[in-house]
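Student: Sequence lines, in order, name chains A and B.
Numbered according to this note's numbering, the first sequence terminates at residue 241, and the numbering increases by one at each position without gaps.
Numbered according to this note's numbering, the second sequence terminates at residue 113, and the numbering increases by one at each position without gaps.
Note that these hints are calculated values from the structure, not bench results.
Ideal Cβ positions, reconstructed from N, Cα and C, are used throughout, including at glycine.
Be aware that a few hints might be false.
Claimed, not checked - Coverage of chain B stretches by chain A, computed from C-beta distances (three or more under 8 Å per stretch; other residues unrestricted):
1) 14 to 25
2) 99 to 106
What the hints assert, rightly or not - Residues of chain A placed beyond 12 Å of chain B at every Cβ, according to the derived structure:
3) A24
4) D154
5) R186
6) A214
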Amino acid sequence: MHRTVEIEQAILAKNDAYAARNRARLGAGGILSLNLLAGPGAGKTTLLVETLRTLGGRIPAAVIEGDQQTANDAERIRATGTPAVQINTGKGCHLDAHMVGHALDELELPPDGVLFIENVGNLVCPAAFDLGEDRRVTLLSVTEGEDKPLKYPDIFETADLVLLTKTDLLPHLDVDLAAIERNIARINPVARIIHTFARGEGGLGGWLDWLGEARRERLAGLAAESEGRASRLRAVAEALP
Amino acid sequence: MHEMALCESLLDSMRDAARTHGFDRVKRVRLVVGCFAGVEVEALRFGFDVVMRGSLAEGAELEVLDEPGTGWCFDCSQTVDMPDRLSACPSCGGERLRPNGGTEMRIKDLEVV
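With the rest of the complex left out, here is chain A:
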């Protein structure tokens, strides 16, 4: 006999449940976690490597690297002295929260530090999957042209920050920087936009400031949560007969 069963739940409900678990776990560890999204070749790993080198351990950090194949990126990160775990997705075109949960089992998280999750290089699919991160950072290199945000809106729409990378190449390119920024703002009017370059000195300042500020906000937010919980528990205890 045929009957209809109401489901009314998100197709990605399972992923969302794993993401919530990751979020709770990262929150308990005082971790600021960033999901780094971009197309292949935008310079995610190079930016990360140079960021970790510049920080020189001043911010405790760990990295999860997502790629279809090879452990090359995790090795590049480990060479900076930062713990890293490589996830190979095989045929998968994105990281999901379940994979990240497994990586967290293997990775020693630095207490109250920063976790960078470098997603698979892809401007489309990773946007749909919540990993349990605090902030999304989308990278776009200036060599990719002005209209990428309009062609691939999803990955820009959900970003808290858009990093324009390789800006040191601008003098050699026929690209309209103002148009790139206008197109990002059209898709996502609230995202911050910061210019970066990873070769030579002085290209990471704005990004490192943002990172420091995001970490301060994250720690303050977690502290406020804990204080709220502490005062609630205290009030209950004091009201006991």
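Given chain A, put chain B in place with the hints provided.
Tutor: Same frame as chain A, now just chain B:
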């Protein structure tokens, strides 16, 4: 092509539902896919046929209900109709719109035996 992963997640949810609601086979699946959910419906149909093979939903009919888009206009501060991602605001002509409706993808119901 994350539509394959979506189909695998859908199959997982149907297996869970089969245990909770006590059914053996799925005859029809109805999904609601918003126009800004980032899903290519043709790829989803292809993935559905492949992923459901040999499962409790092999041969099931897939019905995809669309959900129209709306967006928040940052220029005139209201929710407006947004037929596609690059539409301008029908009220003020502003281009700074962010989708706030039609972004969901969910399983509506299953016809089962």
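Student: Next step is simple, just say for each hint if it's right about the structure.
Tutor: Status of each hint after checking the structure:
Evaluation of the coverage hint for the region 14 to 25 of chain B: fulfilled, as 3 residues show C-beta separations to chain A shorter than 8 Å, against a requirement of three. Counting residues of the region 99 to 106 of chain B whose CB lies closer than 8 Å to any CB of chain A gives 4, which reaches the minimum of 3, so the coverage claim holds. Listed as a non-interface residue, A:A24 keeps its Cβ farther than 12 Å from every Cβ of chain B; the least gap is roughly 21 Å. With a cut of 12 Å on Cβ distances, A:D154 falls inside the contact zone with chain B, its closest approach being about 5 Å.
With 12 Å as the threshold on Cβ separation, the claim that A:R186 sits away from chain B is violated: the shortest Cβ distance comes to roughly 5 Å. Annotated as non-interface, A:A214 keeps its C-beta farther than 12 Å from every C-beta of chain B; the closest such distance is 21 Å.
When each numbered hint is compared with the structure, violations occur for hints 4 and 5.
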